Structure formats: C-alpha cells, structure tokens
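Sequences and hints are given; from them, build the entire structure.
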Amino acid sequence: MAISNDNEAADAAIVVEDLDMRYGDFVIQRDLNFIIREGDVFVIMGGSGCGKSTLLRHLIGLKRPARGRVLYGETSLWDLTAEERQAFLRGVGVLYQKGALWSSMTLAENVAMPLEEYTDMPPAAVKELASLKLALVGLAGFEDYYPSEISGGMQKRAGLARAMALDPKILFFDEPSAGLDPLSSRLLDELIIELRDSLGATVVIVTHELASIFAIGTNSVFLDPETKTMIAQGHPRQLLAECRDPRVHKFLTRGEPDPAGSSTMEKVP
Amino acid sequence: MTAMEATNEGPRIDMARPRNGVLAIRLAGTWRAKDRLPDGAVVAEQLNAGPRVERLTYDSSSLTGWDSGFLTFLQKVESKAAAAGIAVERSGLPAGVQRLLKLAEAVPERKGARRTAKSDPVLAQVGKQTQGAMKQSGAMIEFIGETTSGLGRAATARAKFRRSDLLLLMQECGAQALPIVSLISVLVGLILAFVGSVQLRQFGAQIFVADLVGIAMAREMGALMTAIIMAGRTGAAFAAQLGTMEVNEEIDALKTFGFPPIDFLVTPRMIALIAMMPILTLYADFLGIVGGAIVGVTMLDIPLAQYVNETQAHLSVADFAIGLVKSVIFGVLIAFSGCMQGMRCGRSASAVGAAATSAVVMAIVFIVVADGIFAVLTDRLGL
Chain A
1 MAISNDNEAA DAAIVVEDLD MRYGDFVIQR DLNFIIREGD VFVIMGGSGC GKSTLLRHLI
61 GLKRPARGRV LYGETSLWDL TAEERQAFLR GVGVLYQKGA LWSSMTLAEN VAMPLEEYTD
121 MPPAAVKELA SLKLALVGLA GFEDYYPSEI SGGMQKRAGL ARAMALDPKI LFFDEPSAGL
181 DPLSSRLLDE LIIELRDSLG ATVVIVTHEL ASIFAIGTNS VFLDPETKTM IAQGHPRQLL
241 AECRDPRVHK FLTRGEPDPA GSSTMEKVP
Chain B
1 MTAMEATNEG PRIDMARPRN GVLAIRLAGT WRAKDRLPDG AVVAEQLNAG PRVERLTYDS
61 SSLTGWDSGF LTFLQKVESK AAAAGIAVER SGLPAGVQRL LKLAEAVPER KGARRTAKSD
121 PVLAQVGKQT QGAMKQSGAM IEFIGETTSG LGRAATARAK FRRSDLLLLM QECGAQALPI
181 VSLISVLVGL ILAFVGSVQL RQFGAQIFVA DLVGIAMARE MGALMTAIIM AGRTGAAFAA
241 QLGTMEVNEE IDALKTFGFP PIDFLVTPRM IALIAMMPIL TLYADFLGIV GGAIVGVTML
301 DIPLAQYVNE TQAHLSVADF AIGLVKSVIF GVLIAFSGCM QGMRCGRSAS AVGAAATSAV
361 VMAIVFIVVA DGIFAVLTDR LGL
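For the protein sequence lines, the chains are A and B, in the order given. If you use our numbering, the first sequence corresponds to residues 1 to 269, in order. If you use our numbering, the second sequence corresponds to residues 1 to 383, in order.
If you're looking for bench data, these hints aren't it; they were derived computationally from the structure. These numbers come from a predicted model, not from an experiment. Mixed in with the good hints, there may be bad ones.
Quick list of the computed label-pair ranges, beta carbon to beta carbon [claimed, not checked]:
| # | chain 1 | residue 1 | chain 2 | residue 2 | range |
| --- | --- | --- | --- | --- | --- |
| 1 | A | A211 | B | R158 | 22 to 28 angstroms |
| 2 | A | F88 | B | S137 | 47 to 53 angstroms |
| 3 | B | G152 | A | R67 | 42 to 48 angstroms |
| 4 | B | A354 | A | R67 | 30 to 36 angstroms |
| 5 | B | A349 | A | R254 | 30 to 36 angstroms |
| 6 | A | E226 | B | P179 | 56 to 62 angstroms |
| 7 | B | G85 | A | E226 | 26 to 32 angstroms |
| 8 | A | A215 | B | A275 | 51 to 57 angstroms |
| 9 | B | E109 | A | R67 | 41 to 47 angstroms |
| 10 | B | S91 | A | S148 | 53 to 59 angstroms |
| 11 | A | E226 | B | A354 | 31 to 37 angstroms |
| 12 | A | P122 | B | L167 | 19 to 25 angstroms |
| 13 | B | A175 | A | Y118 | 30 to 36 angstroms |
In the BS3-like style, the derived pairs of lysine-lysine whose C-alpha atoms are separated by at most 30 angstroms in a straight line are [stated by the list, open to error]:
| # | chain 1 | residue 1 | chain 2 | residue 2 |
| --- | --- | --- | --- | --- |
| 14 | B | K102 | B | K128 |
| 15 | B | K160 | A | K169 |
| 16 | A | K228 | A | K250 |
| 17 | B | K102 | A | K63 |
| 18 | B | K76 | A | K63 |
| 19 | B | K135 | B | K80 |
| 20 | B | K76 | B | K160 |
| 21 | B | K111 | A | K228 |
| 22 | B | K128 | A | K98 |
| 23 | A | K63 | B | K111 |
| 24 | B | K102 | A | K228 |
| 25 | B | K118 | B | K76 |
| 26 | B | K34 | A | K250 |
| 27 | B | K80 | B | K34 |
| 28 | B | K160 | A | K127 |
| 29 | B | K102 | B | K80 |
| 30 | A | K169 | A | K63 |
| 31 | B | K255 | B | K135 |
| 32 | A | K250 | B | K111 |
| 33 | A | K228 | B | K34 |
| 34 | A | K63 | B | K34 |
| 35 | A | K98 | B | K160 |
| 36 | B | K102 | B | K34 |
| 37 | A | K127 | B | K76 |
| 38 | B | K160 | A | K228 |
| 39 | B | K102 | A | K98 |
A virtual CB, placed ideally from N, CA and C, is assigned to each residue, including glycine.
If you want it as structure tokens, here you go:
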C-alpha cells in the first residue's frame, strides 16, 4: 500500500479554492487556498476559536461555502444534487470531537448501521465485520454496550470504528485528542497512522495538540483568528524550523523561548 | 479571623502633590472587594483640580491587605489617567499587584470582540423583529415541507429508518403514557359529572349527566386532554432528544453517513405519535365515561345499568369519530412542534431546555387553535 501511495503522492484529494467561511454576516475565515494530497496526514491547526472545526464542516459538506469552492478531485460537493452528495460522502469517514455515536444504539449497531444501509452483506456478516472494526480500535467485547456506558476515550475509538465502517478513502478527525490523557492520545495517533498505511487513506486532522501535530502530520495549514485567514502551510516540522511568522512560531513552540529538540530553530525577532 | 478583621481598618486614600506635576496617591488600610471601596472619581477630581499633573505615583507602604477589588480600583484610576495622557508609575504598589495588572494587560483587547449594547431606535427594532419573525416562519414552512416529503417517502417505503426505533418510540408515546392518561381522563370525567350534576339535579334530570359526560369526552375532552398530556410529555421529550443529538453532533454524523435526519429521526416520531394518539384518545374517552359513572352511581344514585343504557343511547359513532379525527391532527401538531424545535436547537445545554419549553408552548397553542377551528367547522357542517 505504501508503494501505491508514493505513485499517487502528487494527486490532490481535496482542493480548497478561495474559500470564505461565514456565519451570517460574521466572517470566520477568508481566502483559504490549499491542497490536500492523497496519503497525506493533513493538519488544520490554529488557536482556539479560529474556525478549525468550521473548516472541517465545510470540507465534509455540512456547511456551504460563503464564497469559493471545495473540490474533491474535479467535483465540487455543492454542484451535486443532495442524493449525489450523500452518495459521495459515503467515501468519507468522520470522527467527531465527542465521538457523536448514536446514543440510542449499541456500539455494534452504530458500526453496523452504515454497512446494513449501503452494502448487500447478510446480517451475520455485518455483525462479524462490526465486531472486527471494534476489535481494530481495541474494543473487542464491547459490542453490546451503549455509548453512555463507556468512557470518553472509548467513545472516540468507537466513533473511529464507525468512521471506518465503509473503508473510506478520506478520514476526517475533529480534535481526536481533546479530553484524552497523553497516553491514550498517543495510542490514538498510532492508530491513525496505522489505518492510513493499511487502508491507503488520506487523513485530515483538526487539532491544536502539538505532540500529535509533530508526530503524525505530513502537511498542514495554519489559521489565524486575528487576520481571519491562513498564514502558513507546509510540513509541521518544516514550519517549526523555517517559518518566520512570529504567530506560527509562537504557536508551534508554545511560546516558550527555547524549546527542547529544535536546535535548528532560528531566533525570531 | 473576625477579630483580626475587626482590628483592620477600611480603605483609606489621600493624595498629595510632592512636586510640580506629580500626584502621589497614598493607599492605606485594607482594600477588599467586600469593603466599600472608593471609586476612581476621587482621583479624577484631584487630577482635574489644580495645575496640570504629568505623572502619577503610588505609595502603598501602609497598605495592610488587598484583593481583586483593589485591582479594579487601580484599573479605574489608570484608565482615567491614560485618558488624560498622564504617565503612571507603579513601583510604589505591592509586587503582586504590579504583576497582576501586567497580566491583565498582557493580551490586548481583541478589536471588535466587545459587544456594544447600543439600543436601536423603535422603528429599527420593529423592523428587526419583523425580519426575525419572517425568518422564523420561513424556517417553519421549510420544516413543514421537509416533514411532509419525509412522510411521503415513508408512505412509499423509501425512507431509511430502523423499524426497532419506530417500535420503541411507539411504546414510549403509547403504552408508557397510559398511567398518566388514565389518571387525567378519569378525573376529567369526574369533574364533568360533578359540574353537570349541580345544574341538572335542580330539574331532577341527573340521568342526563351520562349524556353530558359521554358526549363531552368523546367529542372534545378525550382528544384535548390527551393532546395536552402528550404535548407536555412526548413533545418535550422529542425536542430534548433531538436537541441533545444536535449538541452531541449525532445529527451531523447521520448527515455524513448519508442518512437524512428527517427520515431517520423525524419521520418515525411523527408516525409513532400519529398512530398512538387515536388509540390513547379512545382509551381516554372510555376512562372518562367510567369517571362519570363513578359519580353517577355513587353520588347521584343512578343504577349502573341505567347509566350505561343512557350513555349508549345518546352517544353515536360520529361523536367518537370527531374526537379521533381531532386526535390525529393534534398528534401531527405535537410531533411537528417537538421535532422542529429539536432539529432547530442550538449547540448548548441551555438551548436544549429552551427547545423543550418552546416545543410544549408551540404545541399547546396549536392544539387549542386547531380545536377552536374544529368547533366552528363541526357547528357549520352540523356534525
């Protein structure tokens, strides 16, 4: 799988063109332009309240751009009919901030629902597959639990199992490590990379967790709440080493004067 | 502690001008938010009186205690000084106070972040309210459309929802509502019988209590009381369930998996309530008549057989049919209000509460208005 990733590395999975995001008259971000390539672990970062999650909602077609386009390959989601858009979105898996499991269903039913709806598998096979997906995220044996009966970290992992139900080509994560302890958060990072490699998927992550950003990010865009636009993009480590914008630099070093492990860093005035 | 505080002196402030252009503020005693602290006006007075002040200095050597109240006082003083272009020297303040003031100023106020409370002229307010109301009714019409097409899809078996969800909802708004519906309808039957008997007894016509209770329950009260119970019980529950799902992003998750939330959440709720309302109403009619019979037999000394006969003789199927038609309409209105408020819920805990409240209010208003329209219609049609 890794080899095919290299061949396709130049292919754009998602292209964002001149995107403006607004709530009513309130501008969240404007003039966003970036490309997410296949096989990337693309990080959307920035301080709290800069519109990271809103950008995610635009990327997955939950919100209509105020201006500009979000292109999957050649197609813009909003040029499609509602049915076509829904069909298209089946190729996309989303892990929401709080897991967003359907609370009236057990974990197995949560994972099974997309399978029942969109595949012709017999019920027994659906059940097995749901169990497998849960086992992949370390939740074997929890099939019959309801979301309210398990911890926040487990809910997130179950949400991931559901997001992977239809073997999507693109996986979106909204703050995967929010509310997790450092260890669970690192395990989730490893899981994300493992899934990317084995499924050959593209991963888009909204986060401000520096450890995750440097550990798994291969490309990124930095949103600034003050100027309401993106002020940097590139590989996170490269940004740390080379970006001269004080806002980006401050963010990536937690504003600490001389962080450990970045000896190549130049002094920013 | 109290003993110590008792010996503490309250805030004291005096000002002096040691040199030309310098105002020295001496702060002594304890400066705590719960004490009555002087406000910045005292200093402002001093600044304006006398020759021009260039610099402000503090002396806090006799200050015995302070808390955040002291800081707000200093902020007021300094904002007045800044407005007058006067330099402030903080070296005379306790080190902790200096650090906290610096911390408060570390992040400059974000431009445009502060909400300015400006009151619009009356005409503008009327305009805004009208625009808001237009938007609201637009949203309502949109939701009516979505719901109707959802029910259309369900009728042609193209809607995606889980059968088990539907059954669970039917149980929730059918069987589980029985106890409260029983209680209320028996009581309503009792009340009607009591009220009627007071007048009818004067003519020795107690037996007509049976007609009164039977017809009132079947045509009017059975459906109306059931609807009001269900609005408070199920309508609010629908709004709260859907609102919580919106807050938890569950509805977003449905959308991204291509499950239309209308089909998946609203349609089964509409169907469940519309199916259960007539059944509950029929049950309420029956129990109301039982309630009337209790009064008739025990208080008015009407033999049970006679009461039953009288009821049967004067109650027609048409009376029940009118009640049942109403109950279906009420079911639609309750489910619609609950689902609409739930789906339009904001993303916070208080929004869920607000959604549940407005669902109940909206449903009850709709029910009573619809019942009024029915009363006029049945009268005109001679039913």
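We went through each hint and held it up to the structure:
Roughly 48 angstroms separates the CB atoms of A/A211 and B/R158, a value that falls outside the hinted 22 to 28 angstroms. One distance hint, 47 to 53 angstroms for the beta-carbon pair A/F88 and B/S137, is violated here, with the actual separation near 33 angstroms. A C-beta distance of roughly 35 angstroms is found between B/G152 and A/R67, which places it outside the suggested range of 42 to 48 angstroms. Between B/A354 and A/R67 the Cβ separation comes to about 32 angstroms, which falls inside the hinted range of 30 to 36 angstroms.
Between B/A349 and A/R254 the beta carbon distance is about 31 angstroms. The supplied range of 30 to 36 angstroms therefore holds. Between A/E226 and B/P179 the Cβ separation comes to about 59 angstroms, which falls inside the hinted range of 56 to 62 angstroms. Here the CB-CB span from B/G85 to A/E226 is close to 28 angstroms, well matched to the stated 26 to 32 angstroms. Distance hint check for A/A215 and B/A275: the Cβ-Cβ separation is about 54 angstroms, which falls inside the suggested range of 51 to 57 angstroms.
The beta-carbon spacing between B/E109 and A/R67, approximately 29 angstroms, falls outside the hinted interval of 41 to 47 angstroms. Between B/S91 and A/S148 the Cβ separation comes to about 57 angstroms, which falls inside the hinted range of 53 to 59 angstroms. Checking the proposed 31 to 37 angstroms range against A/E226 and B/A354 shows it holds: the Cβ atoms sit about 33 angstroms from each other. Between A/P122 and B/L167 the CB atoms are about 23 angstroms apart, so this pair conforms to the stated range of 19 to 25 angstroms.
Restraint check, B/A175 to A/Y118: a C-beta distance of roughly 34 angstroms satisfies the suggested window 30 to 36 angstroms. Between B/K102 and B/K128 the CA atoms are separated by roughly 42 angstroms; this puts the pair beyond 30 angstroms, and the hint is violated. Restraint check for B/K160 and A/K169: the C-alpha separation of about 24 angstroms stays at or below 30 angstroms, so the hint holds. Only pairs whose Cα atoms come within 30 angstroms are accepted, and A/K228 paired with A/K250 is accepted, the gap being roughly 17 angstroms.
A threshold of 30 angstroms between alpha carbons decides the hint, and for B/K102 with A/K63 the separation of about 41 angstroms lies outside it, so the pair is violated. At roughly 44 angstroms between alpha-carbon atoms, B/K76 and A/K63 are farther apart than 30 angstroms, so this suggested pair is violated. About 45 angstroms separates the Cα atoms of B/K135 and B/K80, which puts this hinted pair outside 30 angstroms; it is violated. Note on B/K76 and B/K160: the hinted pairing is violated, with a Cα-Cα distance of about 62 angstroms set against a maximum of 30 angstroms.
At roughly 12 angstroms between alpha-carbon atoms, B/K111 and A/K228 fall within 30 angstroms of each other, so this suggested pair holds. This hinted pair does not check out: B/K128 and A/K98 have alpha carbons roughly 36 angstroms apart, beyond 30 angstroms. A hinted pair counts as satisfied when its Cα atoms are at most 30 angstroms apart, and A/K63 with B/K111 qualifies at roughly 27 angstroms. Taking the CA atoms of B/K102 and A/K228, the gap is about 27 angstroms. The hint holds against a cut of 30 angstroms.
With a C-alpha separation of about 23 angstroms, the suggested pair B/K118 and B/K76 falls inside the 30 angstroms cut-off, and the hint holds. Simply put, B/K34 and A/K250 have alpha-carbon atoms about 40 angstroms apart, too far for the 30 angstroms limit, and the pair is violated. This hinted pair checks out: B/K80 and B/K34 have alpha carbons roughly 23 angstroms apart, not beyond 30 angstroms. Simply put, B/K160 and A/K127 have alpha-carbon atoms about 19 angstroms apart, close enough for the 30 angstroms limit, and the pair holds.
Pair hint B/K102 plus B/K80 holds up; C-alpha atoms about 17 angstroms apart against a cutoff of 30 angstroms. A threshold of 30 angstroms between alpha carbons decides the hint, and for A/K169 with A/K63 the separation of about 21 angstroms falls inside it, so the pair holds. As the CA atoms of B/K255 and B/K135 are separated by approximately 24 angstroms, the hinted pair is consistent with the 30 angstroms bound. Distance restraint check for A/K250 and B/K111: the Cα-Cα separation of roughly 21 angstroms lies within the 30 angstroms cut-off, and the hinted pair is therefore satisfied.
Note on A/K228 and B/K34: the hinted pairing is violated, with a Cα-Cα distance of about 42 angstroms set against a maximum of 30 angstroms. Distance check on the hinted pair: A/K63 and B/K34 sit about 49 angstroms apart at the alpha-carbon level, beyond 30 angstroms; violated. Simply put, A/K98 and B/K160 have alpha-carbon atoms about 25 angstroms apart, close enough for the 30 angstroms limit, and the pair holds. Under the criterion of a C-alpha separation no larger than 30 angstroms, the hint pairing B/K102 with B/K34 is consistent with the structure, at around 23 angstroms.
Restraint check: the Cα-Cα separation between A/K127 and B/K76 comes to about 67 angstroms, which exceeds 30 angstroms; the hinted pair is violated. Restraint check for B/K160 and A/K228: not satisfied, since their Cα atoms lie roughly 40 angstroms apart, outside the 30 angstroms limit. Of the supplied pair hints, the one linking B/K102 and A/K98 is violated, its CA atoms being roughly 37 angstroms apart against a limit of 30 angstroms.
Going through the hint list in order, the structure does not satisfy hints 1, 2, 3, 9, 14, 17, 18, 19, 20, 22, 26, 33, 34, 37, 38, 39.
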